[in-house]
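Participant: These protein sequences, in sequence, are chains A and B. Read in order, the letters of the first sequence correspond to residues 14 to 250 in our numbering. Read in order, the letters of the second sequence correspond to residues 0 to 265 in our numbering.
Since the hints were derived computationally from the structure, they do not count as laboratory data. Honestly, I wouldn't trust all of these hints.
What the hints assert, rightly or not - Derived coverage of chain B by chain A (criterion: at least 3 residues anywhere in the stretch with Cβ under 8 angstroms from a Cβ of chain A; other residues may be distant):
#, region
1, 184-197
2, 225-237
3, 241-249
Stated by the list, open to error - Facing chain A, from chain B, some residues (calculated, C-beta under 10 angstroms):
#, residue
4, F4
5, T69
6, S179
7, K218
8, V252
9, G255
Source: prediction; values computed, not measured. Where a beta carbon is used, it is the ideal one built from N, C-alpha and C, also for glycine.
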Amino acid sequence: MSLTGKIALITGGSRGIGYSIARLFAENGGKCIIVSRNLDSVQKAARSLPFPERKHLGVSHNVSQPWTDDPFEPIDIVVNAAGIPQNSLLMRLKTEEIDALIDTNLKGSILTTKKFVPSLLKTKGCIVHVSSVLGSIGSPGSSVYAASKVGIEGFSRSLAAELGPKGVRSNVIVPGLVETDMTKTIAPKILEQMKTKIPLARLGTPEEIAHTALFLATNNYINGASIRVDGGMSTSL
Amino acid sequence: MPLNFEVKGKTALVTGGSRGLGLYAVQGLLKGGAKTVYITARKASQCKETEDELNKLGLGKVVALPGDITNRDRLKEIIEEIGRRENGKLDIVIANAGATWGAPFDEHPDEAIQKVLHLNVRSVFATVQLAAPLLEKAGTPTDPSRVITVGSVAGFLPHSESGTFGYLASKAAVHHLTKSLSATLGPRNITVNAIAPGFFPSKMANGLLEKLGKEDMMKNNPRQRLGEPEDIEGLILFLCSPAASYINGAIIVIDGGARNASKAKF
Ligand SMILES: NC(=O)c1ccc[n+]([C@@H]2O[C@H](COP(=O)([O-])OP(=O)(O)OC[C@H]3O[C@@H](n4cnc5c(N)ncnc54)[C@H](OP(=O)(O)O)[C@@H]3O)[C@@H](O)[C@H]2O)c1
Ligand SMILES: NC(=O)c1ccc[n+]([C@@H]2O[C@H](COP(=O)([O-])OP(=O)(O)OC[C@H]3O[C@@H](n4cnc5c(N)ncnc54)[C@H](OP(=O)(O)O)[C@@H]3O)[C@@H](O)[C@H]2O)c1
Numbered sequence: 014m015s016l017t018g019k020i021a022l023i024t025g026g027s028r029g030i031g032y033s034i035a036r037l038f039a040e041n042g043g044k045c046i047i048v049s050r051n052l053d054s055v056q057k058a059a060r061s062l063p064f065p066e067r068k069h070l071g072v073s074h075n076v077s078q079p080w081t082d083d084p085f086e087p088i089d090i091v092v093n094a095a096g097i098p099q100n101s102l103l104m105r106l107k108t109e110e111i112d113a114l115i116d117t118n119l120k121g122s123i124l125t126t127k128k129f130v131p132s133l134l135k136t137k138g139c140i141v142h143v144s145s146v147l148g149s150i151g152s153p154g155s156s157v158y159a160a161s162k163v164g165i166e167g168f169s170r171s172l173a174a175e176l177g178p179k180g181v182r183s184n185v186i187v188p189g190l191v192e193t194d195m196t197k198t199i200a201p202k203i204l205e206q207m208k209t210k211i212p213l214a215r216l217g218t219p220e221e222i223a224h225t226a227l228f229l230a231t232n233n234y235i236n237g238a239s240i241r242v243d244g245g246m247s248t249s250l
Numbered sequence: 000m001p002l003n004f005e006v007k008g009k010t011a012l013v014t015g016g017s018r019g020l021g022l023y024a025v026q027g028l029l030k031g032g033a034k035t036v037y038i039t040a041r042k043a044s045q046c047k048e049t050e051d052e053l054n055k056l057g058l059g060k061v062v063a064l065p066g067d068i069t070n071r072d073r074l075k076e077i078i079e080e081i082g083r084r085e086n087g088k089l090d091i092v093i094a095n096a097g098a099t100w101g102a103p104f105d106e107h108p109d110e111a112i113q114k115v116l117h118l119n120v121r122s123v124f125a126t127v128q129l130a131a132p133l134l135e136k137a138g139t140p141t142d143p144s145r146v147i148t149v150g151s152v153a154g155f156l157p158h159s160e161s162g163t164f165g166y167l168a169s170k171a172a173v174h175h176l177t178k179s180l181s182a183t184l185g186p187r188n189i190t191v192n193a194i195a196p197g198f199f200p201s202k203m204a205n206g207l208l209e210k211l212g213k214e215d216m217m218k219n220n221p222r223q224r225l226g227e228p229e230d231i232e233g234l235i236l237f238l239c240s241p242a243a244s245y246i247n248g249a250i251i252v253i254d255g256g257a258r259n260a261s262k263a264k265f
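Start from the sequences, fold in the hints, and give me the full structure.
Facilitator: Now the structure itself:
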């Protein structure tokens with residue numbers, strides 16, 4: 014189960030789910046390269062990871078932009094966790110907000126995957142994407158976010174067939190509601206209402222999502238799968 | 000250190016644990032530190048043999064409680080026996096025992112459908128229903144007790160080259176039953192999830208593998224191979240460990256990606 018000697022690149026690694034994944038990977042022997050827009054926070058997050066002697070890196074990059082051709086070390090695991098939420102109804106969304114959602118959540122995962130496929134082919138590595146149950150549950154105010162998230166699932170399934178024979182796996186984690194900055198903005202009353210729809214009656218923790226990422230990085234036969242980690246919130250789908 | 004994929008000190012029941020996928024599940028639990036694993040199967044001699052073999056590993060204890068689980072009275076006895084030995088508590092149930100039957104549509108026997116649905120669906124429900132009080136006593140909000148059902152990619156695929164009509168329907172039923180049980184039992188600190196394996200060589204699968212061509216099946220699988228014991232061991236261990244405590248009502252496909260690859264057949 015150990016990631017000893019493996020190098021993981023994790024977008025959205027400065028906080029929330031991405032950071033928890035980086036921490037768990039580091040605790041299990043991996044070296045992490047974490048990516049987010051804000052240079053200060055991503056470097057600070059990288060410095061706070063356990064086992065600093067492995068020289069974890071914090072890289073500032075906006076995933077909606079193409080990667081430069083800078084060489085990177087061979088990457089064994091790519092985790093696409095960078096993402097932004099949608100906070101308004103479609104009719105109030107500005108075009109720039111629509112662009113940002115699609116460009117960060119969907120195109121961002123595509124561009125990052127594309128950048129590191131050559132490296133993954135050499136290391137026979139794997140890709141873990143982070144989607145959301147809100148991609149499939151019809152919930153008001155999530156329209157473009159939902160489109161961006163189900164898009165990732167289609168992307169991953171196709172990649173699994175395309176890259177599987179070359180030894181590279183692609184899978185998706187589909188979280189329900191998770192305690193991070195992203196869900197902090199939900200009004201307490203609405204949050205309580207949402208909890209009544211979750212059989213386990215609570216939100217998930219970023220650590221719980223991280224453990225599924227660690228599992229996917231270590232099981233060799235799961236490919237093209239989506240694993241829901243949502244306490245049972247989405248069983249009617 | 001982080002939470003590992005461990006089941007230290009846990010007790011489990013694995014139906015159909017004498018061979019095949021059930022056996023791999025038992026091995027995964029033992030490697031993860033399970034204290035006692037109870038296994039059932041009809042054939043008492045094979046059940047005993049598996050018990051003896053696994054107890055030689057010097058890991059947790061394996062106890063054979065043979066019986067036909069389509070016989071509800073016997074199933075009840077088995078679960079009561081576990082309750083007596085474990086102070087009314089049980090942490091994990093793997094409802095794995097299953098069977099298949101293939102025959103052409105026009106002459107497909109009614110009995111085939113009945114047999115397959117009885118073991119693959121009705122007995123899965125019975126196993127969970129009868130074990131629920133023991134599971135409820137063992138589960139906590141942070142570390143719920145676990146039910147794992149064994150569905151199949153066959154539960155998603157409508158086309159059966161070998162006339163396994165009851166089997167395909169039974170596995171779709173297992174997936175749906177898993178979801179409804181997860182909604183009912185989640186509030187009782189029991190999570191319910193299904194694994195949906197692709198092709199793993201076993202007594203059940205070997206006949207079909209022969210027919211469909213093993214080499215072809217491997218070539219058409221995106222991972223270029225069939226499933227192996229370690230794949231199931233790892234998945235079962237993960238799902239039963241504290242690491243998976245928020246996963247509930249999930250159907251986890253483990254097939255190398257074959258379900259999505261257009262050339263793969265089942
Ligand atoms: N929280 C939930 O309930 C939940 C549920 C389902 C799915 N998810 C998904 O899980 C992922 C992580 O969410 P989270 O809750 O951990 O969110 P979060 O706490 O808000 O963290 C988001 C991370 O993404 C980075 N990021 C955002 N835009 C970026 C960009 N354009 N380029 C590079 N990095 C960017 C952020 O850093 P900077 O701001 O420095 O760029 C930060 O590290 C997202 O894809 C989200 O959609 C979350
Ligand atoms: N192998 C695959 O490729 C594959 C793929 C997807 C899903 N599955 C599923 O995995 C499960 C196990 O299949 P397998 O391939 O490991 O088959 P297998 O090798 O035939 O094993 C079946 C097990 O169930 C036991 N069993 C059968 N009928 C029983 C009954 N009435 N009461 C109690 N135990 C009974 C068998 O022992 P006795 O015969 O002694 O009773 C044996 O231990 C099944 O649910 C199957 O549908 C298998």
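Participant: Each hint should be assessed against the structure and marked as holding or not.
Facilitator: Going down the list of hints, with the structure as the test:
{"no.": "1", "hint": "184-197", "verdict": "holds (count 4)"}
{"no.": "2", "hint": "225-237", "verdict": "holds (count 7)"}
{"no.": "3", "hint": "241-249", "verdict": "holds (count 8)"}
{"no.": "4", "hint": "F4", "verdict": "holds, 6 angstroms"}
{"no.": "5", "hint": "T69", "verdict": "violated, 27 angstroms"}
{"no.": "6", "hint": "S179", "verdict": "holds, 7 angstroms"}
{"no.": "7", "hint": "K218", "verdict": "holds, 9 angstroms"}
{"no.": "8", "hint": "V252", "verdict": "holds, 5 angstroms"}
{"no.": "9", "hint": "G255", "verdict": "holds, 5 angstroms"}
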